[in-house]
Structure formats: structure tokens, C-alpha cells
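J.: Listed here are the chains, written in short residue letters.
2 protein chains.
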Amino acid sequence: MNGFEFLELVKKRQSTRGYSPAPVEEEKLNRCLEAARLAPSACNAQPWKFIVVDQTELRHQIAQATSSRVLNMNHFTMQAPILVVVVMEKANFSSSVGQVLKDKEYPLMDIGIAAENFCLQAVAEGMGTCILGWFDEPKVKKLLNIPKNKRIPLIITLGYPSSEEIRPKRRKEITEIVSRNGY
Amino acid sequence: MNGFEFLELVKKRQSTRGYSPAPVEEEKLNRCLEAARLAPSACNAQPWKFIVVDQTELRHQIAQATSSRVLNMNHFTMQAPILVVVVMEKANFSSSVGQVLKDKEYPLMDIGIAAENFCLQAVAEGMGTCILGWFDEPKVKKLLNIPKNKRIPLIITLGYPSSEEIRPKRRKEITEIVSRNGY
Numbered sequence: 031m032n033g034f035e036f037l038e039l040v041k042k043r044q045s046t047r048g049y050s051p052a053p054v055e056e057e058k059l060n061r062c063l064e065a066a067r068l069a070p071s072a073c074n075a076q077p078w079k080f081i082v083v084d085q086t087e088l089r090h091q092i093a094q095a096t097s098s099r100v101l102n103m104n105h106f107t108m109q110a111p112i113l114v115v116v117v118m119e120k121a122n123f124s125s126s127v128g129q130v131l132k133d134k135e136y137p138l139m140d141i142g143i144a145a146e147n148f149c150l151q152a153v154a155e156g157m158g159t160c161i162l163g164w165f166d167e168p169k170v171k172k173l174l175n176i177p178k179n180k181r182i183p184l185i186i187t188l189g190y191p192s193s194e195e196i197r198p199k200r201r202k203e204i205t206e207i208v209s210r211n212g213y
Numbered sequence: 031m032n033g034f035e036f037l038e039l040v041k042k043r044q045s046t047r048g049y050s051p052a053p054v055e056e057e058k059l060n061r062c063l064e065a066a067r068l069a070p071s072a073c074n075a076q077p078w079k080f081i082v083v084d085q086t087e088l089r090h091q092i093a094q095a096t097s098s099r100v101l102n103m104n105h106f107t108m109q110a111p112i113l114v115v116v117v118m119e120k121a122n123f124s125s126s127v128g129q130v131l132k133d134k135e136y137p138l139m140d141i142g143i144a145a146e147n148f149c150l151q152a153v154a155e156g157m158g159t160c161i162l163g164w165f166d167e168p169k170v171k172k173l174l175n176i177p178k179n180k181r182i183p184l185i186i187t188l189g190y191p192s193s194e195e196i197r198p199k200r201r202k203e204i205t206e207i208v209s210r211n212g213y
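Chains U and Z are the protein sequences, given in the same order. Okay, so the first sequence: first residue is 31 according to the numbering used here, each after it adds one. Okay, so the second sequence: first residue is 31 according to the numbering used here, each after it adds one.
Hints were generated in silico from the structure; no laboratory data involved. One should not assume that every hint holds.
Just so you know, same-sequence chains aren't split out, so a pair can sit in one copy or run between any two.
To be verified - With a Cα cut of at most 35 Å, we get these calculated DSBU-like pairs of lysine-lysine: (1) 169 / 42; (2) 202 / 178; (3) 202 / 172; (4) 58 / 132; (5) 199 / 41; (6) 79 / 42.
Given the structure is predicted, the values throughout are model-derived calculations rather than measurements.
Whenever a hint applies, use it, and build me the whole structure from the sequences.
T.: This is the structure we're talking about:
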């Protein structure tokens with residue numbers, strides 16, 4: 031795969047907010063999880079767990095914890111045949127020391143990296159995803175028996191998109207975000 | 031590009047800690063930056079700036095700020111023809127509100143996502159990268175005139191690898207990091 035092909039994949043990845051009822055093939059799901067597993071992390075700490083939720087009742091309950099009637103948000107999560115709940119795990123010793131000495135929460139960046147691998151793999155498999163950072167975290171912990179002291183940085187929806195439309199991306203211009211040899 | 035091809039790319043991405051002196055073509059660098067620019071972020075805040083450092087003297091000074099004689103760390107950063115310093119910028123209003131209400135530093139995850147796009151694009155272009163989270167941040171800010179109140183989550187090295195060897199990845203087993211319908 032060359033640079034043009036990968037950039038096409040990046041352009042195809044978008045937040046999919048409408049899903050067809052088609053189920054996700056097990057081997058495709060597994061490759062998405064494998065892409066996340068192989069992601070790099072600070073000091074190779076791999077501070078993550080992925081809970082695959084596909085049992086209908088439970089999935090609907092989690093979906094409810096991600097949507098808000100008041101804000102009219104995230105109702106599409108009900109449609110997605112799979113929700114992947116990403117739990118942040120304790121980093122290893124060297125990553126934790128760095129975190130304190132350099133005042134940086136490496137595991138959050140690590141989880142961003144792994145989530146992007148997951149989502150790009152999904153696009154390569156013909157599927158769509160949406161990364162959610164806003165949900166009722168205590169409720170999700172309770173539903174999945176996640177220890178109270180853990181954090182859930184993200185939930186990812188996964189499934190076949192209901193539409194093939196690729197929307198144009200609204201992004202800052204390259205000149206706004208890139209400079210050379212100085213800020 | 032299909033799922034097998036993308037997973038191959040993920041397997042080829044590794045922390046490149048030896049660089050050839052070959053310069054990086056401008057159009058390849060630009061596609062790496064473009065892949066980062068198109069990355070998703072919470073509420074589309076795009077809380078990032080990328081400073082490309084390729085001026086030899088300055089590059090060596092930054093490289094020095096990433097390496098430690100005491101810890102015998104990161105001396106390869108001297109070899110890389112390009113260093114990309116990633117600055118965290120203020121998120122937009124909705125991401126900032128979410129950050130407070132949900133106690134989550136979304137911009138750190140966003141920067142992880144964008145960094146991974148950059149690194150995967152580099153691999154697709156035949157190059158190598160290494161993501162660094164440990165460096166003398168005040169020194170780097172001074173060298174690049176970055177305002178003191180900004181944070182620098184990451185520096186990415188970029189260049190052609192001095193060796194074509196793909197090392198096997200040491201990762202937790204899939205059963206250690208994946209569960210179904212519960213923690």
C-alpha cells in the first residue's frame with residue numbers, strides 16, 4: 031500500500047452516524063481489535079482494555095447512556111450493531127514515572143492512537159465507526175461491571191454505514207496548523 | 031485498500047531508532063501533515079499545531095533536548111532529518127465544556143489520533159517515525175519560541191530508516207485486552 035492509498039483511507043474515515051442492520055462479521059471485528067492491539071504506546075505500556083458489546087439488551091442500555099434527550103445527541107448509537115467500550119488501564123512502571131516527572135497523561139494519548147488504528151481498520155473493511163467521548167460513565171461502568179476506579183475515555187460504535195456518502199471534511203487550513211523551524 | 035493491506039501497514043509501523051542521511055521529499059512530508067490535519071478530534075476542535083524542524087543547527091538543539099546522557103536515551107534523534115514538534119492548542123468551546131463536565135482531557139486523545147495518522151502515512155511513504163513523549167519541554171519551547179503556557183505532548187522523528195528490518199512486536203495477548211459484554 032502506498033501513500034496515496036493510505037491518504038484515501040484517511041479521507042474515507044468519517045464519523046458514521048447512521049448504521050444498517052447488517053451484522054459485523056467476526057473476522058472483521060477481530061482485525062479491528064488486532065489493529066488496536068498492535069498500536070504503539072508510551073513505554074509499550076498498552077494501558078487499555080476493549081469490551082465488545084453486541085448483546086442486544088445490554089447494547090441498547092449502553093447506547094442509552096451515550097445519548098441525551100435534552101441535547102438531542104447520539105441517538106444513532108442505538109442502531110450500531112457493536113459498541114466497543116475502551117477502558118484505561120494502569121500504565122507500566124516506566125510510563126507511570128514519566129507521567130509524574132513530565133506531567134503528561136500518556137495513557138490518554140495511547141488510547142487515541144489505538145482507537146485510530148481500530149477506526150482505520152474498520153474503514154478498510156468497508157465499515158464505519160464513530161468515536162464518542164461524552165456519555166454517562168458511572169452508568170456504563172455499572173452495566174459492564176467495570177471497577178469504579180477505572181476510567182472509560184472512549185466508546186466506539188461499529189457497523190456498516192446506512193449511506194455510502196463521504197462528506198467533505200471541515201478542517202483548519204494547513205497554513206493555520208503547520209509552521210517551520212519556529213512557532 | 032482492503033483490510034489485509036491496512037493491517038500489514040500497522041504491522042510495518044514501528045519505532046524507527048536509526049535513520050539514513052537521505053532527505054525527506056517535500057511532497058511526502060506534506061502528505062504526512064495532511065493525514066494528521068484530516069484526523070478526527072472531539073467536537074472537531076483540532077487542538078494542534080505541528081512545527082516542522084529541519085534546519086540543521088536548530089534540529090540538533092531540539093534533538094539534544096530529547097536525549098539524555100544519564101539515561102542513555104534517544105541519541106538517534108540526532109540522525110533524523112526532520113523533527114515534528116506537536117503543540118497542544120486550546121480546544122473549541124464545546125470540547126472545553128465537555129472536558130470540564132466529563133473530566134477528560136480530550137485534546138490529548140485527539141493528538142494521539144493525529145500523531146498515528148502522521149506515522150502511518152510515513153510508513154506508507156516508505157519512511158519511519160518514532161513518537162517521543164519524554165524531553166526537556168521548557169528547553170524546546172525556548173528554542174522554538176513557543177508560548178510558555180502551551181504544552182508539547184509529543185515530538186515525532188521522521189526520515190528513512192537505516193535498516194529495513196521489521197522487528198516482531200511485543201504485545202499483550204488479545205485475550206488479555208478484549209472481553210465480551212462485560213469487564
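J.: Under the constraints set out in the numbered hints, which ones does this structure not fulfil?
T.: none
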